[in-house]
Amino acid sequence: MLHMLADVGYQPDWPAVLRVGFMRDAFIGGTLVALASGLIGYFVVIRRDAFAAHALGHIGFPGATLAVLTGIPVTLGLALFCVGGALAIGALGKQAASREVSTGTILSAATGLGILFASLASENTGAVTSVLFGNLLAISHSQIFTFTVFTAALAIVLVIIGRPLLFASVAPDVAEAKGVRVQPLGIAFLVLLALAVTMAVQVVGTLLLFALVVTPAAAALAITARPAFVIALGTGIGLVCVWLGLIMAVMFNLPPSFCIVTLAFLIWIVTLATTGAQRRRVRPGGTPRAAAVVNPPSAGTLPASHLEPASSVGGIGQRGR
Amino acid sequence: MTDAIALDDVTAARGGTVIWSEGTFTISTGTIVGVIGPNGSGKTTLLEMILGLLLPASGRFAVLGDAPHRGNARVGYVPQNYASETGTGVRSRDLVTLGRTGTRWGVGGRSGEDRAAVDAALAEVSATDLAPRRVSQLSGGQQQRVAIAQALVGDPDLLLLDEPFANLDVHNQHEIVELLRSLRESRGVTILVVAHDLNSLLSVLDGAVYLLDGHAHYGAIGDVVDSALLSHLYDTPIKVVRTAQGDLFTRS
Numbered sequence: 119m120l121h122m123l124a125d126v127g128y129q130p131d132w133p134a135v136l137r138v139g140f141m142r143d144a145f146i147g148g149t150l151v152a153l154a155s156g157l158i159g160y161f162v163v164i165r166r167d168a169f170a171a172h173a174l175g176h177i178g179f180p181g182a183t184l185a186v187l188t189g190i191p192v193t194l195g196l197a198l199f200c201v202g203g204a205l206a207i208g209a210l211g212k213q214a215a216s217r218e219v220s221t222g223t224i225l226s227a228a229t230g231l232g233i234l235f236a237s238l239a240s241e242n243t244g245a246v247t248s249v250l251f252g253n254l255l256a257i258s259h260s261q262i263f264t265f266t267v268f269t270a271a272l273a274i275v276l277v278i279i280g281r282p283l284l285f286a287s288v289a290p291d292v293a294e295a296k297g298v299r300v301q302p303l304g305i306a307f308l309v310l311l312a313l314a315v316t317m318a319v320q321v322v323g324t325l326l327l328f329a330l331v332v333t334p335a336a337a338a339l340a341i342t343a344r345p346a347f348v349i350a351l352g353t354g355i356g357l358v359c360v361w362l363g364l365i366m367a368v369m370f371n372l373p374p375s376f377c378i379v380t381l382a383f384l385i386w387i388v389t390l391a392t393t394g395a396q397r398r399r400v401r402p403g404g405t406p407r408a409a410a411v412v413n414p415p416s417a418g419t420l421p422a423s424h425l426e427p428a429s430s431v432g433g434i435g436q437r438g439r
Numbered sequence: 005m006t007d008a009i010a011l012d013d014v015t016a017a018r019g020g021t022v023i024w025s026e027g028t029f030t031i032s033t034g035t036i037v038g039v040i041g042p043n044g045s046g047k048t049t050l051l052e053m054i055l056g057l058l059l060p061a062s063g064r065f066a067v068l069g070d071a072p073h074r075g076n077a078r079v080g081y082v083p084q085n086y087a088s089e090t091g092t093g094v095r096s097r098d099l100v101t102l103g104r105t106g107t108r109w110g111v112g113g114r115s116g117e118d119r120a121a122v123d124a125a126l127a128e129v130s131a132t133d134l135a136p137r138r139v140s141q142l143s144g145g146q147q148q149r150v151a152i153a154q155a156l157v158g159d160p161d162l163l164l165l166d167e168p169f170a171n172l173d174v175h176n177q178h179e180i181v182e183l184l185r186s187l188r189e190s191r192g193v194t195i196l197v198v199a200h201d202l203n204s205l206l207s208v209l210d211g212a213v214y215l216l217d218g219h220a221h222y223g224a225i226g227d228v229v230d231s232a233l234l235s236h237l238y239d240t241p242i243k244v245v246r247t248a249q250g251d252l253f254t255r256s
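For the protein sequence lines, the chains are R and Z, in the order given.
Numbering of the first sequence is given in the working numbering, commencing with residue 119 and proceeding in unit increments.
Numbering of the second sequence is given in the working numbering, commencing with residue 5 and proceeding in unit increments.
Rather than coming from a laboratory, the hints here were simulated on the basis of the structure.
By construction, the Cβ of each residue, glycine as well, lies at the ideal position given by its N, Cα and C atoms.
A hint or two may mislead.
[Unchecked claim] Label pairs and their calculated CB-CB ranges:
| id | chain 1 | residue 1 | chain 2 | residue 2 | range |
| --- | --- | --- | --- | --- | --- |
| 1 | R | Ser237 | Z | His200 | 57 to 67 angstroms |
| 2 | Z | Gln84 | R | Gly354 | 48 to 58 angstroms |
| 3 | Z | Gly112 | R | Leu234 | 41 to 51 angstroms |
| 4 | R | Val138 | Z | Trp109 | 43 to 53 angstroms |
| 5 | R | Pro302 | Z | Gly20 | 22 to 32 angstroms |
| 6 | R | Ser258 | Z | Trp109 | 27 to 37 angstroms |
| 7 | Z | Ala120 | R | Thr380 | 43 to 53 angstroms |
| 8 | Z | Asp173 | R | Gly354 | 41 to 51 angstroms |
[Claimed, not checked] Computed footprint of chain Z on chain R; a stretch qualifies when at least three of its residues, placed anywhere within it, have a C-beta under 8 angstroms from a C-beta of chain Z:
| id | stretch |
| --- | --- |
| 9 | 266-280 |
| 10 | 287-295 |
| 11 | 332-344 |
[Stated by the list, open to error] Cβ-to-Cβ under 10 angstroms is the rule here; a few derived chain R residues that face chain Z:
| id | residue |
| --- | --- |
| 12 | Val163 |
| 13 | Ile164 |
| 14 | Arg166 |
| 15 | Leu284 |
| 16 | Val298 |
| 17 | Val348 |
Only chain Z is shown next, with the shape it has when bound in the complex:
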């Protein structure tokens, strides 16, 4: 099976400024991978490159075996600050439907198949009862689930989430983590999650891309959750504490 993402000596640059370089790693199909690093280290840039919105300045970059390209139907995307970027005057159902039909010109042509796919995506994130409600009336966690449904309705092989835990309380973070876990199992989808804080994700992560000193690396989760590495990454002392449930790291 081809890797979901494969980078070979990739340099990410924006407007001539190098953001990170020497990115050489692969992400296996069906894994959940965190993307971590300090603010401004190029986490969102990596997602933009996967989405084909930004071309690599150099190196070879493969997404699901192909060169990255805009409008890749096999990639689902949940952007950062989704709710505040979203027209909140539409119903959840309309938003999810647009994830499937929004690129089509003209009216009509919404088939029973489309409706069934929208129903299935809403059910998959336990948002069936939210379908008729306006996005503005939903809580942060509910909005995040609807956003994930909008990404799932296109039946992606790769799912990208940018800071899905921003503005979510611990309970809602946990619900999203469990949702990601069940998606990996039911769909075999590869999931990349950009996150500031690994703690809530640790139990579900297979590995992490970390952006350190201007370079992009990948490590299995057991290697990344390392006091010295995390302390260097965030430039602040971080202690890794092992609990019965799994790993937790805390600032100390």
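The shape of chain R in the complex, shown without the other chains:
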């Protein structure tokens, strides 16, 4: 058994490896993705749209495998499918109660298509694995160029639409009445998210991109509620995860995706544990909200604490409607 693990372990030559060209490219690519994810991640969490982020990663999967099959750049295939998926999810409308079901159905249909393309491109399983789990160490100069363009576009558009988008996200009915075009903004948001997802898939993969696009912002939102601070802190957490993750990966010869995702998870869990305890102390009247639920939980019902709005932990994956 042990000899199978022989490659994993402390690598004394890690400082030298960090200076190699492909590592420098990995740092640049990872940095760009962390920046884009931090910018869009705040809106994902505040809109409780985490499931859309997760789904877009899977919707990108057939795009990437089709690209492998046909020989076009993976980034192009991913971007086409992600943006297409964003437009489809956006067209479903924010208020549709069945949107999660529709999104999930599109997600599984896309994943099925991805499996078909992957099996057709069977002589290229390495490339397919890269799509599922990411391969930051194999990032190319053309990918870095595309990432730079995507990140710049995302930043510029968010600077322009950020405030009305936030208004439409936190008070959609009031925003609509005030003349904000809520649905077109929602679609614009999803397209920007699709760009971030396109990049994140290539760093941590379809299956793990949640950790880069959503988790840092969720951790940041648990610490502060000021929009600009959440964006800055979330971006910072993402950068720390990518940089330390890459160093850890080289130091111990571990997959970078594993290191990045694990760091994000650890930061998130520590943040939640510390801010959660703090928040319970400062609740108005000193009583946790669960205690104020009128109907006490009876046998066979969920404990009231399960009904706590997910917002106190950043609203991940729950819509609370």
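Following the hints, position chain Z against chain R.
Relative to chain R, chain Z alone:
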């Protein structure tokens, strides 16, 4: 002075289905008016028409002397289920600020004037101390006050509230009623309140729009609080009981 709202033979329809018709009434500036009627009678529809989100199928409709239009800065709006519709991860202050700056593109440009207006709106609803707190940490009554501050920060001449008393206990209902009373006095603002239950509002209402049998009517409060009318409206016997404080009506 022009009336705050004037309807002349207005029909409200959605997707070709008439919701109510023959709406002919005026609401005077500086009054507090209830909008009552059974579920599905078109109360929220009336608000949507005032906000310009839904056009009248026929008839003449004037809001503050103009045709209703979306993005009317003179109309403040507090929607139903405000708190559950709201991203609760923002601070009260951010929410109120968005009521003033949320329609502007780009960053920056938040002036001292904006900040002062936000401070004033929060103070007006006694929510100054709530400003740094997350909306998710506020009680239902506090959330409702912040929502009203978000509507007030635009300095409206007309304030619309959709079911502001849903999920509020009697004490908080009373506080909101007193707030509406003081807003009418200090600002001279016209206030429309959609409410299921008139009881908590009765002491402050000047009149009510009631949606009865597919038609919209307006009556002074003394005429609306009538046993026969309310019983017909809610299709259940309602007795009007007069107390020393004012009118109360109860189911019997």
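Going down the list of hints, with the structure as the test:
1. R:Ser237 / Z:His200: 57 to 67 angstroms: For R:Ser237 and Z:His200 the Cβ distance comes to about 59 angstroms; the hint holds.
2. Z:Gln84 / R:Gly354: 48 to 58 angstroms: violated, 38 angstroms
3. Z:Gly112 / R:Leu234: 41 to 51 angstroms: Cβ of Z:Gly112 to Cβ of R:Leu234: about 49 angstroms, so the range 41 to 51 angstroms holds.
4. R:Val138 / Z:Trp109: 43 to 53 angstroms: Holds: the Cβ-Cβ distance is about 44 angstroms, inside 43 to 53 angstroms.
5. R:Pro302 / Z:Gly20: 22 to 32 angstroms: holds, 25 angstroms
6. R:Ser258 / Z:Trp109: 27 to 37 angstroms: holds, 36 angstroms
7. Z:Ala120 / R:Thr380: 43 to 53 angstroms: holds, 47 angstroms
8. Z:Asp173 / R:Gly354: 41 to 51 angstroms: holds, 42 angstroms
9. 266-280: It holds: at least three residues are needed, and the stretch 266-280 of chain R offers 4 whose Cβ sits within less than 8 angstroms of chain Z.
10. 287-295: holds (count 9)
11. 332-344: holds (count 3)
12. Val163: With a closest approach of 7 angstroms, the R:Val163 hint holds.
13. Ile164: holds, 5 angstroms
14. Arg166: Holds, because the Cβ-Cβ distance from R:Arg166 to chain Z comes to roughly 8 angstroms (cut-off 10 angstroms).
15. Leu284: Interface hint status for R:Leu284: holds (7 angstroms vs cutoff 10 angstroms).
16. Val298: holds, 6 angstroms
17. Val348: Holds - the Cβ of R:Val348 comes within 10 angstroms of chain Z, reaching about 8 angstroms at its closest.
Hint compliance for this structure: hint 2 alone is broken.
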